[in-house]
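In case you want the letters, here they are:
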Amino acid sequence: MSQYIIRRILQGIPTFFGITLIAFILMSVAPGDPISVITFNPSSGDTQSAERMRRQLGLNEPPLMQYVYWLIGNDWTQYDSNGDGIKDSPGIRRGFLRGDLGTSIKHRRPVADLLKQRIPATLQLTFTALILGYGMGILLGILAAVSHRSWIDQFVRIISVVGNAVPEFWLGLLLIIFFSIRLDVLPMSGMRSISNRGEFDLWDTASHMILPVTVLSLNTIAFVSRFTRAELLEVLEQDFIRTARAKGLKDQVVWWKHALRNALLPVATFLGPGIGTLLAGAVIVERVFAWPGLGSLIVDGVFQRDYPLVMGSVVIVSVMFILGVLLSDILYAVLDPRIRLK
Amino acid sequence: MNPKLSGQAIATLNTEPIVDPNVSRSLWMDALRHILRDRLTMLAIILLTLLTLICVLGPPYVERQLGVDVNRIRVVDRFKQPGTEGHLLGTDEYGRDQLIRLMYGGRISLAIAFTASFMIIAIGVVLGLVAGYYGGFTDDVIMWLINTLSSMPPLFILLLVSALWSPEPATLVIILALIGWFGTCRLVRGEVLSIKESDYVLAARALGASDTRLLFVHILPNIFSIIIVTGTIIAGNLILLESGLSYLGLGVQPPTPTWGNMLTDAQYFLVTGVHLIVYPGVLIMVTVLSFYLVGDGLRDALDPRRKL
Chain Y
40 MSQYIIRRIL QGIPTFFGIT LIAFILMSVA PGDPISVITF NPSSGDTQSA ERMRRQLGLN
100 EPPLMQYVYW LIGNDWTQYD SNGDGIKDSP GIRRGFLRGD LGTSIKHRRP VADLLKQRIP
160 ATLQLTFTAL ILGYGMGILL GILAAVSHRS WIDQFVRIIS VVGNAVPEFW LGLLLIIFFS
220 IRLDVLPMSG MRSISNRGEF DLWDTASHMI LPVTVLSLNT IAFVSRFTRA ELLEVLEQDF
280 IRTARAKGLK DQVVWWKHAL RNALLPVATF LGPGIGTLLA GAVIVERVFA WPGLGSLIVD
340 GVFQRDYPLV MGSVVIVSVM FILGVLLSDI LYAVLDPRIR LK
Chain C
24 MNPKLSGQAI ATLNTEPIVD PNVSRSLWMD ALRHILRDRL TMLAIILLTL LTLICVLGPP
84 YVERQLGVDV NRIRVVDRFK QPGTEGHLLG TDEYGRDQLI RLMYGGRISL AIAFTASFMI
144 IAIGVVLGLV AGYYGGFTDD VIMWLINTLS SMPPLFILLL VSALWSPEPA TLVIILALIG
204 WFGTCRLVRG EVLSIKESDY VLAARALGAS DTRLLFVHIL PNIFSIIIVT GTIIAGNLIL
264 LESGLSYLGL GVQPPTPTWG NMLTDAQYFL VTGVHLIVYP GVLIMVTVLS FYLVGDGLRD
324 ALDPRRKL
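Chains as they are written, first to last, in this note's numbering: chain Y, 40 to 381; chain C, 24 to 331.
Note that these hints are calculated values from the structure, not bench results.
This structure is a prediction, so every number in the text was calculated from the model and none was measured.
Glycine residues also receive a C-beta, built at the ideal position from the N, C-alpha and C atoms.
A couple of the hints might just be wrong.
Stated by the list, open to error - From the structure, some residues in chain Y lie toward chain C, with a derived Cβ separation under 8 Å:
# : residue
1 : Ala62
2 : Ile64
3 : Ala151
4 : Ile215
All chains should be modelled from the sequences, with the hints used to inform the complete structure.
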């Protein structure tokens, strides 16, 4: 088991470096240079300090060294501060691997701090949606499979097909129009009411979460219900189910112990990729409902051309995604001995 | 041998009544018959064709008949409700006619979906064939690329890319294609890996068929049905992805309308502009749904196991 986990973790390492490399290449071929964005100030064209800053950040180095600096920082080496060709001052960057994601151009604060501030809100949204999506999805999938070819089955099929095709932002806007404007029962945006000064209020939190979580989980519900139904129907055709029935086991036992366990295994493998879909969905849902999470931060960053912020967040999101896939693979191996023995 | 006789023999062969109709029908004819009987899929195909035709051919006609122009701003005409004289679907916050904007938006959205999914299929199939057939180092590199790129949710790569370049529709197509091909590639590679080992390919190889012949005559036709199904579903996904990106304000830039960016402005008029929100969304949903249904229908129709 531990061998499998270690092997699986090692497989994630080249992927991680691949992501940082791709993000870095995209950043370095981008038009404009971070310094000109930071120091853009027509009244004081201070080329000297711009030049100093460029050397300080190591931007005058060849691309490969820039990548190394970005990854592990340059405080372990010296750089040439005054342009005389002699390396005389220690670097100031600590590098991505040591938690330094650079400094946001717009917010003038470390990107890592900004992310730390915003990620909890996004996780609150995505995890609730993940639990709701999987719970509802599995439930609907079982219902559909139990009543195969009945109207319930048709109904679940329609939900899953339509649920995949509805644009999240549009559904969000419709829900706002209906529940927040017409009926005026749910708040239309934000995480808490203006009157709430930070103390925990269950209804206040919940009422702000209902609409975004509904929208965000719809995709997962659609996918999981469809998948669960298909898996269950396939498992029910298998020989061991017939054997279980033939030896006189009760329907309930066959369903819960034999069919469902086997059918839900593949569904569990999609927890990881599901997290990726939800994180992407969160970007849009946060925009619709003005939810102060990672998504809004990234989108604002894109508008303001805040490269370090966007790059840092994209890499962090990808790392979260890789970890999600890793965890679901390990979970799968724990649940299914056939996998780890392979 | 008497040539006349052999000619006769062939003629009789051809006119012989077919005993089992299932045996002699080709996969494609069979699929066609199946689809024609599948009402839901036919409905989706008709809807898609109609939408495409209306968006491509409709605008000049509508402009002439209703005297509207896609970019004409008239403040007096702001927020006209649907059904108003000359504005069948009402007007937006600048007094622009919504019907004509939806048509032009549809042109862009559909054009992006069709071309990008075509490019995705092209890249995915070529790389998948190469990776699956030749294996070895090429396969390793392609698989590493796929594993890496698919660890970044597509929307985030799109965000990163649009932070760096504000995309024009044409650039957007290329970007969408460059970040969308791995699914197809992985699928094709898997199929090639299994077909490559099948008896008829081995037989063809034993007869001295070249790599190119094996790839294009023996392997490619067998994955063709999968390619068509994937292409259709990808087109649906692309409509969603593009509209999401445009909604965020990062895709196709106004005043060029797309179904996604029409909703960006509309969201600030939730009371006066409900009609501005409903129609673009309905069109996105119907189009995506139709693509998915056609994909599903094609998968059923082209599945050789269906007959068993």
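Among the hints numbered above, which are violated by the structure, and what are their numbers in rising order?
Numbers 2, 3, in rising order.
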